[in-house]
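Trainee: One-letter residues, chain by chain:
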Amino acid sequence: MKKSFIFPIIFMIVVTAIFTFVLAFLNHSTAERIALNKELELSRKILYIFNIEPQSEEPADVLRAFEESIGTMAYEDNFIYVYYGDDGEILGYAVPVGGPGLWGSVEAYIGVSHDYSIILGLDFISHSETPGLGGRISEDDFKEQFRGLDLTKARDGNYIIYRPAPGGNVDAIAGATLTSKSVSNFINEDLDKFLKGRGNN
Amino acid sequence: MDSPKKIFEMGVWKDNPVLVQIIGICSALAVTNVMMNSLIMGVGLMFVTGLSSFTVSLIRNFTPKHIRMMVQVLIIAAYVIIVDIFLQAYMPEMSKALGPYVGLIITNCIIMGRAEAYAQQNPPIPAFLDGVASGLGYTIVLLLIAFVRELFGFGTIFGIRVLGDWWTSWTIMIMPPAAFFILAVIIWITKSIQEKDKEEKKGEVAKS
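Residue numbers (this note's numbering), protein chains in the order written: chain P, 777 to 977; chain U, 206 to 413.
Just to be clear, a hint being listed does not mean it is correct.
DEER-style ranges, computed between Cβ atoms [what the hints assert, rightly or not]:
hint : chain 1 : residue 1 : chain 2 : residue 2 : range
1    : U       : T361      : P       : S902      : 18 to 26 Å
2    : P       : D853      : U       : K270      : 41 to 49 Å
3    : U       : A389      : P       : A850      : 31 to 39 Å
4    : P       : E834      : U       : P209      : 25 to 33 Å
5    : U       : E214      : P       : F801      : 14 to 22 Å
6    : U       : K406      : P       : F801      : 32 to 40 Å
7    : P       : G864      : U       : T376      : 43 to 51 Å
8    : P       : T953      : U       : Q326      : 37 to 45 Å
9    : P       : S881      : U       : K406      : 24 to 32 Å
Treat the hints as calculated values from the structure; they're not laboratory data. Just so we're clear, the structure is a prediction, and the values are computed from it rather than from any experiment. Note that beta-carbon positions come from the ideal geometry of N, C-alpha and C, so glycine has one too.
Make the full structure from the sequences, and use the hints.
Mentor: Written out as structure tokens, the structure is:
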């Protein structure tokens, strides 16, 4: 083949254009679905925090349950989710909490009852902890422990204390001391800020 | 043209990318803690290697030689993005579990290796089969590693519990180091068998 200067450039432009077109088309046709998936996942987690069971796990039912009882409220530069009862009264709040884990940042929401007296639930939105070790923070066994914890008895903003320390109310994950530790740290810190901001405790 | 049987024999056993060529190791270590992740990763790689080899081979006669690597990377990247978009849209759970590793399929040496070594000189159909065969070889090795790691690390296979409650999970199996020595043991076994085969063949030649 003759070594031309122009041909490789044109060739590259044509190939790039074809692939860009294909990818743009695919991206465009699935964008809606991907956005829906993300919304669905967040909705499931918020519902889980408030212990609301949708009629089924079908996307439509999950989104309906979410729309029926969850609203949002501005909080600092973010917003919190508010759990409304059947008559429009406020039953609880889901506050964003987060901080560094062992490998990367951990983000979660924690549900607090309307009178700020108990924790309703906890769920993790994203984390990159070791599967099977720190990653077990997103397993039900760990998360369920937080339901119904009393916030009024806590002193100095230590709402979460791992057993067997005095006043302990939650079991840490064996073999994942650092992850457990940072989870309790950021929950205590962020929760304290939220509760103090609300003029309580 | 090589027969499909020979192509698959090379890709899966004689010239297995992970065990013999020792390429694609990074992802083999990273995603093998549970079998499901390994399977999806393997299928993704088979798809990308097969189709990119096919495409590279299809345009091999028009591609100017000195920019062929640029073209190959472009083709590979496009197919990887397709896999990524597909997982995000239809298998969101998997997409989360595999995380950044899907994007990293691009850097898997197997794909570019096959494009350079085979697809560049051969017609599209054998190139496609060769890509799939290499991907299959990679998948099998990943599944072998994941089988050992998931079994001892969680007591499960594909998420189904096979070892009872009495089983104490070996934490080390879930951590990256376990993949290192399991991979090493598998390579050791393979090499021993292959060496033995070679010697037997030599013996036969000598006799006749």
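Trainee: Could you run down the list of hints and mark each one as holding or not?
Mentor: Evaluated hints:
Look at T361/U against S902/P: about 24 Å separates their beta carbons, and that is inside 18 to 26 Å. For D853/P paired with K270/U, a C-beta distance near 55 Å fails the hint of 41 to 49 Å. The hint said 31 to 39 Å for the Cβ distance between A389/U and A850/P, and at roughly 56 Å that hint is violated. At roughly 44 Å, the beta carbons of E834/P and P209/U sit outside the given window of 25 to 33 Å.
The hint said 14 to 22 Å for the Cβ distance between E214/U and F801/P, and at roughly 38 Å that hint is violated. Evaluation of the 32 to 40 Å hint for K406/U and F801/P yields a failure: the beta carbon distance comes to about 52 Å. As the Cβ distance of G864/P to T376/U is approximately 49 Å, the hint placing it in 43 to 51 Å holds. A hinted range of 37 to 45 Å for the beta carbons of T953/P and Q326/U is inconsistent with their spacing of about 55 Å.
At roughly 56 Å, the beta-carbon separation of S881/P and K406/U lies outside the given 24 to 32 Å, and the hint is violated.
Checked against the numbered hints given earlier, this structure breaks hints 2, 3, 4, 5, 6, 8, 9; the rest are met.
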